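Trainee: Listed here are the chains, written in short residue letters.
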Amino acid sequence: MKRRIGQVFLLVQLVWVTLAQFGSARWLCWAPNDYAVEYHLVVTKDGQSIAGRYKIPDKGLYENPAQNIIDLIEQYERTYGRKDRVEVDLTYRNSGGPDSHWHFPEDAR
Amino acid sequence: MDWCKRQGVKFTTPLRCTGTSLPPQLLLAAKLLAICVVLTGAWHDLPDPFLPFLSFFDGIAGTPVFRWVLKLGLLTAIGSLFLNRCVRLSCIAIGLVFSAGILSSRVFFENNILFVACIFLLIGLSDSPQLIRYQLALVYFGAGTNKLLDAAWRSGAFFATWSHYAIREPMYFVFAGIAPRTVPRLMCWSSMTIELTLAAWLLFGKRLHGAAWLGVSFHTMTVFMTGRTFGMFYYAILVSWFAMQAWPKKITILYDGDCGFCDRTRRFFERWDLERLQHWTPFERPEKSIHARIADEFYTGFAAFKAIIVSNPLTYFAVAVVLSLVHYRWMSMILLLTMSPLFVPVGEFGYRRIARNRYRMPGSSGECALPEQ
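Chains as they are written, first to last, in the working numbering: chain S, 1 to 109; chain F, 1001 to 1373.
Everything labelled a hint here was simulated from the structure, so no lab data went into it.
Treat the numbers as computed from the prediction; the structure is a model and nothing was measured.
Every residue gets a Cβ at the ideal spot worked out from N, C-alpha and C, and that includes glycine.
There could be a bad hint or two in this list.
Stretch-level coverage of chain S by chain F, calculated; a stretch enters the list once three of its residues show a Cβ under 8 Å from a Cβ in chain F [said to hold, decoys possible]:
#1 25 to 37
#2 44 to 52
#3 67 to 79
#4 93 to 107
Listed below are the simulated DSS-like cross-link pairs for lysine-lysine, each with C-alpha atoms no more than 27 Å apart in a straight line [unchecked claim]:
#5 F:K1306 - F:K1206
#6 S:K2 - F:K1071
#7 F:K1206 - F:K1250
#8 S:K83 - S:K55
#9 F:K1288 - F:K1249
#10 S:K45 - S:K83
#11 F:K1250 - F:K1010
#12 F:K1071 - S:K55
#13 F:K1306 - S:K2
Chain F with its partners taken away, still in its complex shape (with noise of 0.2 Å):
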């Protein structure tokens, strides 16, 4: 505890972002990557030598003794990375780390843990999002002009094959039943033109918002459509889209002061706001809904308390966690279609019974002025 302190190391530090050589974005993708490789046991599959890429490694072979140096210097580094002590030197460790297993082993070899591996190194290289927007750009590249130069992709064939192994969605084979060649064919199609578009929006883009929303939504549906998260590869791919997003800026939030249950939720959001980016004041006359305010944009009602929670770096290790764990390929969809603006109807909905009855909720001292309706 006592050196904890010295080395200004608080019990929140693993979960702050600020304060190192690495940009706050860079730094909270390394560590949801980094959760995603402890919690999915990816650590642990890290292999012995056999039958590698580079034949010195054969000189070690036999023994697990490669195997267990991989598998701490993993977790040293991660350690570190979470303790944000020398922060771009972890990420580079992880990264060689993944790049010697994957050098002494082809057995090992997976392009997931090849792209883990590069993502890591690159933001251990990185003071902005750049190197990775070009790495993103490049898988996107090389997935979509390998599918476009071969036949069976591009005649359908391989999903019509593949499909039998790895489509998990019922609704697949009901369309495939009924147009067997046109469903695989549009399927290898439609994978082949969204990655390279991507790749190309990568490229040549300005404004990433509108690729990041294809690109999660196209990995997502793959997750949905398959329950698999092919290796670390969802995971990698959604924390390279994450990274290139701007940190969150200041967010000032009006909020009735007068409601205790209102009052309860500032506490609450508050308690977790560990990089001290919200800042609540209650509004001056009583309005219907809170209203949040992030640089230039202007938030009511859900979008106000959305803005809040995904503004919050919390979030989204409560994601990674979450994706982690469980193992539904429904609970990707369930995530990202609650993020997205579809569900905003839904969610206004709910928030307006509940600002309708607030003083009705827990922790309210039911003298909450309502505000005229």
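Just chain S, same shape as in the assembly (with noise of 0.2 Å):
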């Protein structure tokens, strides 16, 4: 029973590593650090610039896909932050590449 219970566990992994192959971000599919997401994070709120919302450095190099970033702003901004009006510009790139942009409110899903 024991080892069926491991052997299921470990199944619900290689499925998620599996699906996690079509998506943009990489929660929980055995992808570690192999990003070099350089990243810069500007929040204002009423106008103010503000730092540390999200609990993570506001610009460094992130080492797990840049979705995952934008899934912790939307997820924030969705909850607890719901009533604030902020405004969220993030500039990226990844491993090199042409910087990217992405704003919240319009380009949120």
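Build the complex: two chains, separate frames, hints provided.
Mentor: Laid out in structure tokens, this is it:
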């Protein structure tokens, strides 16, 4: 019985790892430190710049996909910050590639 | 103290791994990883709920209660593990604590924490190392496949960018300066190849000794190059490979019983042979060097000395403590080299010097019979 539970646990992971390849985020899919995303986050609330809103550094190297940062921002603004008037500007580039921009709330899903 | 006596708990219990419901190799692996969790301070980073994967955690956000419950649960489970009480439940509890921490906070999520959680959960569910083996295969498969499908990895662009942030070894930049496109691409393809090779070896290979050396060397080299253990990842990987090795068999050691220094050495090793795996017997006639036999394997000289050390589980407790506390990127490389076949000629040289002069060593009576040269 214990072994069966362990086997099912591994099987769930295998399915998750496979399905993750069809999305842009990489939560829970065994892609450790596979990304070199240089990013810069600018958050303004009521016209004032604020730092550390999402408990991640406002700039630096992020070793997961940029979509993960976007997921954090969207979830925060959809829940804890839904009453705030916040604008977020995320500039990032992956592995030295061209700059990409993501802006909240315009680009949010 | 009375409670300890009634429960059969001795002061050596935390360092013993036999006599529980878990196979001793798996219990040892769990204890080693638990030592790393405590000494690296990973237990202290358990989070408050914040941007959870599961929304119901938001209902308990805003107070430190959740975080303190996690920490208390974790330390209690680790304590129980070291007292050899409810070891399976303890491992599962440790795994669930880390899982709860991850599910309660996307910011806390890191692959290394998830890996630690999986290892503890699977040890708790295991009667053999098979589940650990397949977990490791899955990690290598996931990591290798993800890289292979990423254009930045295939072109080397990832390493060209990442190296400026992560690599601490100056020699890398010397080579990268000579071949700025080739070296990053080579590093990327080496990583992918090694990870996918290890995945295949773990899934289909019959003997894993070579795979263990490849895996441990790969990760140790990464630590050396970057000066990072990637959180708990390096420790969890070492423990996973270690969990798949066989529990040490009984070892018979033949030594020079007339030599005071040798006898003092024997008493030292016997004192720390908590699992009673060693059987020391004096030579019937003088020999040049110590002999050791494990099953059908026979060792002499430094190789015998090394066999005595690596067959004692306490050695690995010491290694875990050193790796957890000494944050020096050469340390893991030094430990790997000393345990590898590369160190044998050096060790043999040192052993012969000591063996030739053992009658002059501390503890010698000066009346040791010397073997004929």
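Trainee: State for each hint whether it applies.
Mentor: Here is what the structure says about each hint:
no.	hint	in the structure
1	25 to 37	holds (count 11)
2	44 to 52	violated (count 0)
3	67 to 79	holds (count 6)
4	93 to 107	holds (count 4)
5	F:K1306 - F:K1206	holds, 26 Å
6	S:K2 - F:K1071	holds, 26 Å
7	F:K1206 - F:K1250	holds, 24 Å
8	S:K83 - S:K55	holds, 19 Å
9	F:K1288 - F:K1249	holds, 25 Å
10	S:K45 - S:K83	holds, 11 Å
11	F:K1250 - F:K1010	holds, 23 Å
12	F:K1071 - S:K55	holds, 21 Å
13	F:K1306 - S:K2	violated, 37 Å
In summary, the numbered hints that this structure violates are 2 and 13.
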